[in-house]
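*Asks:* Kindly produce the complete structure, drawing on both the sequences and the hints.
Just so you know, we're using my numbering here: the sequence shown kicks off at -19 and counts up by one.
Source of the hints: derived by calculation from the structure; they are not laboratory data. All of these numbers come straight from a predicted model, not from anything done at the bench. Among the hints, a few may not be true.
[Claimed, not checked] Distance windows between CB atoms, simulated:
# : residue 1 : residue 2 : range
1 : Thr23     : Gly106    : 53 to 63 Å
2 : Gly35     : Ile11     : 28 to 38 Å
3 : Ala5      : Ala38     : 48 to 58 Å
4 : Gly88     : Ala5      : 56 to 66 Å
5 : Ile65     : Lys134    : 13 to 23 Å
6 : Ser64     : Thr26     : 53 to 63 Å
7 : Leu14     : Lys134    : 45 to 55 Å
8 : Ala84     : Thr23     : 40 to 50 Å
9 : Ala21     : Lys134    : 36 to 46 Å
Ideal Cβ placement from N, Cα and C applies to all residues, glycine included.
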Amino acid sequence: MSSLVSLPRVKMRLGLAPQPQRGAALIVALIILLMLTLIGAATVQTAIIQEKLAGSSADRQRTFQAAEWALRWAEQWVWNNANSIDANNVIEACEPETSINDSAQPAGFTLRYCAGRATAASTPCGPASSNQRRCDSFIVTVLAQPDTGETAVKLESILLLEQR
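*Replies:* Put into structure tokens, the structure is as follows:
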């Protein structure tokens, strides 16, 4: 016979009956598993929100760049057509309605512009005391809207052109 005696037999010899298992380890393990699941779900949700924000920021940046391109295009149009813009048609602001159709324009955007004189009278191009040159002032407004219907960007500039 072996000198090693199993633990339950020793307890029974000492008068100690084995205690029924209560499942505490199982409950603790399930609680830890539940906490890990909640942390994982929160992490996934945060990652999804960050990805949406990054995509939205990139779309806004592309739209802004398209609006800058349209503003430069419209300013060049005013430069080339300043004499044909009615001097009596003074505007404070304009709503871009005329579409830009140029082969070099950014793809995926609807670009519109408007331009008009900001003042009927010409103004000094620089400080009046040192410069007798006169300039006409124009308001140029553009609107860039992605074809996907997302955020539109509206830019406006005041352009001073020396009288020719």
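*Asks:* Run every hint past the structure and note whether it holds.
*Replies:* How the hints compare with the structure:
1. Thr23 with Gly106: 53 to 63 Å: 59 Å, holds
2. Gly35 with Ile11: 28 to 38 Å: The hint (28 to 38 Å, Cβ to Cβ) holds, given that glycine 35 and isoleucine 11 are roughly 37 Å apart.
3. Ala5 with Ala38: 48 to 58 Å: 49 Å, holds
4. Gly88 with Ala5: 56 to 66 Å: Holds, since glycine 88 and alanine 5 (Cβ atoms, about 59 Å apart) stay within the stated range.
5. Ile65 with Lys134: 13 to 23 Å: 21 Å, holds
6. Ser64 with Thr26: 53 to 63 Å: Since serine 64 and threonine 26 have Cβ atoms about 56 Å apart, the given range 53 to 63 Å holds.
7. Leu14 with Lys134: 45 to 55 Å: 50 Å, holds
8. Ala84 with Thr23: 40 to 50 Å: 44 Å, holds
9. Ala21 with Lys134: 36 to 46 Å: At roughly 40 Å between Cβ atoms, lysine 134 and alanine 21 fall inside 36 to 46 Å, so the hint holds.
Hint compliance for this structure: no hint is broken.
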